[in-house]
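For chain A, the structure is supplied; the task is to place chain B on it using the hints.
There are 2 protein chains.
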Amino acid sequence: MNIRDALPHIKTSTAPEDLICYGFDASGLEELPSAVLWPETAEQVSEIMRYAYENDIRIVPRGAGTGMSGGAVPLRDSVILSTERMNRIIELDRENLTVLVEPGVINGRLQREVENGGLFYPPDPASMNFCTIGGNVAENAGGPRALKYGVTRDYVMELEAVLPNGDILNLGVRTHKGVVGYDLVRLLVGSEGTLAVATKIRLKLLPLPADVVALLCLFTDIEASGKAVSAVVSSGIIPRALEFMDREAIKAVERIQPLGLSDTVEALLLIEIDGHPEAIRKEVEKVAEICTGFGADVSMAENENARMRLWESRRKVSQALYLIRPKKMSEDIVVPRNRIPEMLVSLRRLSAETGIGLVNFGHAGDGNIHVNLMVDRTNEEEYRKADSLVKRIFEATLVLGGTISGEHGVGLTKAPYIGMEIKQSELNLMRGIKNLFDPKNILNPGKIFP
Amino acid sequence: MNIRDALPHIKTSTAPEDLICYGFDASGLEELPSAVLWPETAEQVSEIMRYAYENDIRIVPRGAGTGMSGGAVPLRDSVILSTERMNRIIELDRENLTVLVEPGVINGRLQREVENGGLFYPPDPASMNFCTIGGNVAENAGGPRALKYGVTRDYVMELEAVLPNGDILNLGVRTHKGVVGYDLVRLLVGSEGTLAVATKIRLKLLPLPADVVALLCLFTDIEASGKAVSAVVSSGIIPRALEFMDREAIKAVERIQPLGLSDTVEALLLIEIDGHPEAIRKEVEKVAEICTGFGADVSMAENENARMRLWESRRKVSQALYLIRPKKMSEDIVVPRNRIPEMLVSLRRLSAETGIGLVNFGHAGDGNIHVNLMVDRTNEEEYRKADSLVKRIFEATLVLGGTISGEHGVGLTKAPYIGMEIKQSELNLMRGIKNLFDPKNILNPGKIFP
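Chains as they are written, first to last, in the working numbering: chain A, 1 to 450; chain B, 1 to 450.
Isolated chain A (complex conformation) (with noise of 0.2 Å):
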C-alpha cells in the first residue's frame, strides 16, 4: 500500500505538475518527489511520519521552497510533506510580547499583522514575502536586520515538533527565561529540517520602534565601503541594517528597478537606523560624517516612500543577476566584519584569476557577503571553473575566522564542503545527534552531511 492509499483523509498529490512544482528550490537543484502531501494539523503529520518510519519512506519538510542550498529539494523516491495548508496565526499575546503560529504561514504576512498592533518580528530574509516561518525556524534565517535584532533563533521561543517515528514533542517555555533540561529548541533552530518537523512555533516579539531613517552612501572606492562599515559598527552605533551592494550588483538592479545611480558608484551602502526620532538624529548625522570621511555621496531617504524604493532595489538583486545569468551560483559567506575589505580584495583577485565574473552584495554590517559566480551552472565546464573558485572562495573566507554560510545552510549545494569549516570530532557528535533523532535516517535525508 502506498502512503496516498494508507491515509487517504491527507490531501495528496502525484499529478506531474504537482511532483514539477514540489522538486526544485531557489537553489536550483531538482529532483522528483514521488508523491506530495499537505497535512493540516500537527496530528496528520505524526500520522505520516509514523507511516514513513514504519515503512521507511523518506519524508522531506518543505515550506515555500525559497532555500538557496537545496535543503527542501527531495533526494530520489522522497515524498514531500508541505506545510502550506498550516498557515495560521493561532495566538497573538499583546500582553507577554509573543505569537503562537504554524509552520506555513508567510514571513511578510505575519510581520505586517504584528506591526498593525504596534509589534515587530525583526527577522526579514529577502523572501520575506513569499518564504514561510517553519523554513525559517529550519534555516535560521536571517536578513538586513540581523545586524541589531538577531536571526530567526534569537526569537523561537516553543515548538511543537514531530519526530521521525511521529513523537509529538513539545519543547522550550513561553516565557522569556527557563533553564530546565537541554535547549533542544536552539538545537532544532537551523537543523535544516533534518531532525523533527515544526508544527508550531511561537515566537518573541518587540515593541515597533518608533521611526526609521535610511541613507544611502555611494563609494568610488570599494574597499574605502569596506572600511566604513567597520568604522561605522565600532563608532558605538549599531544601524539595524547597513547593506552593500558592488558596482556590478548596482548596474544589474538599474536594468529592473532604477534608482539612477551613476555608471562611476563602485559600491553603495544602504544603512538604515531605527529607535525614538531624538537619538536617531544624532546617530545619522554620526554616520553620514564616518561615510562622507571614507570619500562617500550620502543621501537620507527623504520619506517612507523613497525608503521602499531603496529597500525594493535592495531586495531585487538577486533576481536582477539571475536575469543576466539564469544558472548562477550563489554563496554567502561571513568574515569579521572588519575583514571584509581584505575579502573584497580576494574576491577580485579570484575572478580576474579564473576569469569567472563575481557580482557581491549583501549584509556588509554582519560581514555576510553574497557572492554570485556569474556562470552557466548546467555547462559542465563553467561549472567544474566555478566549482574549484568557490573552492578558493572558502578558503579565503575561513583564513579570515569566517564561515562558509551566514544564512543559506548547507542543505545538498555546500555538504561536500563542510569539513573545510568542521572538524570531524565535531561532525560525528552532529552525526550522533541525528542518528538519535532519526535512527532509519529517514527526515530529509542527504542533507549537511556529505
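Since the hints were made in silico from the structure, they are not lab data.
As the structure is a prediction and not an experimental result, all values here were calculated from the model.
Relax, there's no trap hidden among the hints.
Put simply, identical chains are the same to the list, so a pair is met inside one copy or across any two.
Using 16 Å as the maximum straight-line C-alpha spacing, the simulated EDC-like pairs for lysine to aspartate or glutamate come out as follows:
1) 282 to 211
2) 328 to 382
3) 227 to 289
4) 423 to 158
5) 204 to 154
6) 227 to 95
7) 423 to 167
8) 251 to 263
9) 328 to 376
10) 385 to 353
Using the frame of chain A, we list chain B on its own:
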C-alpha cells in the same frame, strides 16, 4: 595510581580544607570531593578528562560555586575540576565587538574591563562580583538586564570545550552569523557542565548605552505592583531591568542596607531604562505615569551614587534572607509576565495554608520570581513540609504556563521535579544527548536527570 600521581604537573590538592571549600555551593548542599584540580590550559583539561575517562573517575567542573541548584556540588568519590586559574581575558576585539575569555574570568571584572572601553556585556547575575563566565555559560545565567538584553546564551559565539573523552572541540563562529551544522554552542550553554568543559569562550559585546535612569516605585498593594509590570512592558517600553521585592524582602534588606523605606510599603519595583538621554526622558515619564496610575509612589535616583545604592540593596536580598534563615530554600520560578498577579496570590494562599513563610523578589519584567521558603532545611520535619510546598508552587507555576527554573538550573535540587515540566519523550532525547557526549557518565554525573 591516583589522578594526582598520574598528572603531577597539574596543581592538585587533597588537603581537608580544600576538600571542604570545594564541596558546596550556594544551594547549601555539600559532599566532600576526593581531590581538587586546578588546570591552567585546555590541554591540561584534556589530559584530566582523558585520564578520568580511561579510569572511570567522576569529574565535576566548577567555577566559583555560586550556583543555587547544586550543579557544582560533587557526588561521593568525585574530583573537582576548578577553572579558577584559567582567568585570562585573551582578546578584546573592539572592531568586531567580541571578547575571548577563559572560563575562570569573573563576570564583574569582564564587565568593568569592557565598560572602560565603552563596550557592554549585559548578563549580570546577582553574584556577578564572584561568579565566573564559565559557570555563567554552564547555567545560562541571566540577571536583571535579561529583560532587555537577554541571557548568557544570547552572547556566546564560540566555545572551545573538552569532551569527557578528552577531545578538544571548537564550536560556533566568531562572526555575527553562521549556519553550518547543528548549533552545538547553544546545546552546551545551560547544559550545567554535563556535556563538556568550556575552556575558551568568545562573547558578543554591545556599545555601552549612553545613559541609564533608575526609578523606585513603592506600592501599598502587591497585586497592583504585578499589574504595573505587565502594563509597563505592553506600553511598548522595554526597561533594561524591572525588579520586584515584596514587603518581607524589603524588611530584610532594610536591616542590613537601609533605603529608609516605610513599613507600609507592600512591594517595590526598581525600574531601569537605558539608551539615548533624549529618548530615555520620555520613557521615564511614561513609566512613572503608568506606575502612579497603579497607586505607586515614584521617585528617580538623583545621581549615579543613588542608583548604585538601590542596586546594592537589591543584590543583598538573598544575603539578607540568609541572615534570617541560614538554611532557607530558594526557588526561581517564571510565569508569563501578565500572570504575575495571579502567581503572587497563589503564593500568599500557599503560605497561609502551610504556615511556611514565603519571601518573594526577582526579575518581574521576565516573570521570574525568586521564591524563598523561610525554613530550616536541616530540620527534617520542616524540610518535609517545605518539600511538599515546593511541589505545590511548581504545580501552580506550570498551570500558569510557566517554568520551574528561570536561572538556577536543575542541578541536584530540581532533578526530582524535572518530570513535572519535561515529558518523557523529551527527557529521553536529552538523556540520549548526554549519552552521546558522555557515554561513561563521568562528567558531572547525577545532575539534571532524576
